[in-house]
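Participant: Line by line, the protein sequences are chains U and B. Heads up, the first sequence is in our numbering, so the first residue is 1 and it goes up one at a time. Heads up, the second sequence is in our numbering, so the first residue is 1 and it goes up one at a time.
Simulated from the structure, these hints should not be mistaken for laboratory data. There's no promise every hint is true.
Said to hold, decoys possible - Here are some chain U residues pointing at chain B (derived, C-beta under 10 Å): (1) 179; (2) 188; (3) 190; (4) 199; (5) 232.
Each residue gets a CB set at the ideal place from its N, CA and C atoms; glycine is no exception.
Each chain, letter by letter, is given below.
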Amino acid sequence: MAAESDQQAQQWRPPRMIESATTRKLVLGGLALYGLLAFFTVEIDPTRIAEGLTRAAEFFGGWLRPDFVTRWTDIRAGLLESVAMTAVATVVALALSIPLGLGAARNLVPGPIYTASRAVLAVSRAFHEIIVAILFVAMFGFGPFAGVVTLIVGSVGFLGKLLAEAVEEVDPAPLEALTASGATWGSRVVFGVLPQVMPRMWGLALYRLDINFRESAVIGLVGAGGIGATLTTAFSRYEFESVSAILILIIGMVFVAEVISGRLRQRLL
Amino acid sequence: MGSDPQDRPGVRHELGVSVSGPEHSLSIQSLHVRYGRGEPVLSGASIALAPKEIVGLIGASGAGKSTLLRAVQRLVEPESGEILLDGVDLTKLARTELRDARRRLGMIFQEHALIERLSVMENVLTGTLGRTGFWQSARRRFAPEDVTEAFGLLDRVGLTGLEDSRCDELSGGQKQRVGIARALIQHPDVLLVDEPTASLDPATSVRIMTLITEICLERGLAALINLHDVPLARRFCPRIVGLKEGEVVFDGPASALDDEILRRVYGDDAVGAPAGHQGSPAGTEGSGGTDGENILGR
Numbered sequence: 001m002a003a004e005s006d007q008q009a010q011q012w013r014p015p016r017m018i019e020s021a022t023t024r025k026l027v028l029g030g031l032a033l034y035g036l037l038a039f040f041t042v043e044i045d046p047t048r049i050a051e052g053l054t055r056a057a058e059f060f061g062g063w064l065r066p067d068f069v070t071r072w073t074d075i076r077a078g079l080l081e082s083v084a085m086t087a088v089a090t091v092v093a094l095a096l097s098i099p100l101g102l103g104a105a106r107n108l109v110p111g112p113i114y115t116a117s118r119a120v121l122a123v124s125r126a127f128h129e130i131i132v133a134i135l136f137v138a139m140f141g142f143g144p145f146a147g148v149v150t151l152i153v154g155s156v157g158f159l160g161k162l163l164a165e166a167v168e169e170v171d172p173a174p175l176e177a178l179t180a181s182g183a184t185w186g187s188r189v190v191f192g193v194l195p196q197v198m199p200r201m202w203g204l205a206l207y208r209l210d211i212n213f214r215e216s217a218v219i220g221l222v223g224a225g226g227i228g229a230t231l232t233t234a235f236s237r238y239e240f241e242s243v244s245a246i247l248i249l250i251i252g253m254v255f256v257a258e259v260i261s262g263r264l265r266q267r268l269l
Numbered sequence: 001m002g003s004d005p006q007d008r009p010g011v012r013h014e015l016g017v018s019v020s021g022p023e024h025s026l027s028i029q030s031l032h033v034r035y036g037r038g039e040p041v042l043s044g045a046s047i048a049l050a051p052k053e054i055v056g057l058i059g060a061s062g063a064g065k066s067t068l069l070r071a072v073q074r075l076v077e078p079e080s081g082e083i084l085l086d087g088v089d090l091t092k093l094a095r096t097e098l099r100d101a102r103r104r105l106g107m108i109f110q111e112h113a114l115i116e117r118l119s120v121m122e123n124v125l126t127g128t129l130g131r132t133g134f135w136q137s138a139r140r141r142f143a144p145e146d147v148t149e150a151f152g153l154l155d156r157v158g159l160t161g162l163e164d165s166r167c168d169e170l171s172g173g174q175k176q177r178v179g180i181a182r183a184l185i186q187h188p189d190v191l192l193v194d195e196p197t198a199s200l201d202p203a204t205s206v207r208i209m210t211l212i213t214e215i216c217l218e219r220g221l222a223a224l225i226n227l228h229d230v231p232l233a234r235r236f237c238p239r240i241v242g243l244k245e246g247e248v249v250f251d252g253p254a255s256a257l258d259d260e261i262l263r264r265v266y267g268d269d270a271v272g273a274p275a276g277h278q279g280s281p282a283g284t285e286g287s288g289g290t291d292g293e294n295i296l297g298r
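Given only the sequences and the hints, what does the whole structure look like? Please build it.
Facilitator: What follows is the structure in structure tokens.
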């Protein structure tokens, strides 16, 4: 012990990401310079900011006086449509994503099926919902059908990918035990895989339900039906009181969905 | 079936019960296995199990014990060699026949390999999946005779009344009992047992080994049992096979295991040094207070 205390104190620093001091300074300086230049390319117009602030005041004024009554029929129809779109899209997407998710799990299927499933999932996640919605509105016309298809595409990509990851993380030992008792591929999935991923699957489905409702408000802006369509109409008419009412209702719905999914999760998991 | 489900630690393999039914044998001949392009894990291991014979497989970690059992089931495909179950070479079977052969080889796993979130009954009944149709099993409509048998087996392994418990609620020993019932409901001809006592305490280990060997005697099953615990192997397995670096370096009666052979199987460190962790009280067969001198616990 005494000998150890005589030793010189050693220095230790965590290894740096960029070893050379010069390179490090160059990289940091370059980043700072680019940041500065990029900032000045954004045109900042004081008059427009001032106008924006006036409009914001108008908007927040309306926000303080939400009007549920004047456009109630439209708002109710929009909300109900959004709820229906959300429910249909989530259920259909879940049904589609289970086979895709199993197919995209490397530990379950041969290479070609894996690649094909991954490709389908990648394509369905390639574009943001808004772009997909614009596409489907162009294909199927305005209205909730385009919206439902949009939500299905987005949800399948989301659920399928995360489900595949959950499947790839299952404990392989029970699967091997099932193989060893002569179980077929289908039975291995039903008894070995699904029980292990079920809690995660329900959790993801509930979360996606939540996302889909909010998403249904967004894609409505490009004509894909639902409460979003009502919202754009109100905006374009400068009816900020109705806009405020709609936004409050969306917040309320998301909150209710949160409470319900929390309860369901407790029971299911 | 009607015997006391509570295991008695003192029961030895000599305590045979009536044995009936056809006799089945397993013969593994010069098995070679490697994972990918790596070093071979098994290089020509051969073991023959006579009908009703209980063989303990010992060897250091990485000697290839688990790989050997998994290769017999073709969970790992052997490079070469023969696996003869009643004279039929399993390495040559196509998929459907292989499933049937797997059904005949009951396997009990290290760390039980149960589906934790399913009930005890569901886990036991997964042993019948080799003979139950997909839709029946998926809808949990198992054959009544299988359900009756499952209840009987739960009684036999000492889990009466626990059929609806979820497996993640059970203790380690109870889980391994579920694993035993699952293997038995397959109606196996031979049992392959992979480290059944890994992660169990010494007393529970002895109870589980007692149960397994009793059941083998009751049903006239031959069994190949991987054990890392040499005293346990000596106590419960009349014949011992020692595996080292993928080759059989000892094959003989448990009574012939001595220091020299242990050196051959485990290397020089196995003998001579105080082996406190190996000399578990349950495995020492009452050899007095100074045990723990070597891996045998003597």
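Participant: Hints first: check each against the structure and report whether it holds.
Facilitator: Hints versus structure:
1. Satisfaction of the interface hint for residue 179 of chain U is found here, the shortest Cβ-Cβ separation to chain B being roughly 6 Å, below the 10 Å cut-off.
2. The restraint placing residue 188 of chain U at the interface with chain B holds, with a minimum CB-CB distance near 8 Å, inside the 10 Å limit.
3. Against a cut-off of 10 Å between C-beta atoms, the interface hint on residue 190 of chain U holds, since the closest Cβ of chain B lies about 5 Å away.
4. Given the 10 Å rule on beta carbons, the hint for residue 199 of chain U holds: about 8 Å separates it from the nearest Cβ of chain B.
5. The restraint placing residue 232 of chain U at the interface with chain B is violated, with a minimum CB-CB distance near 46 Å, outside the 10 Å limit.
The earlier numbered hint that this structure contradicts is number 5, and it is the only one.
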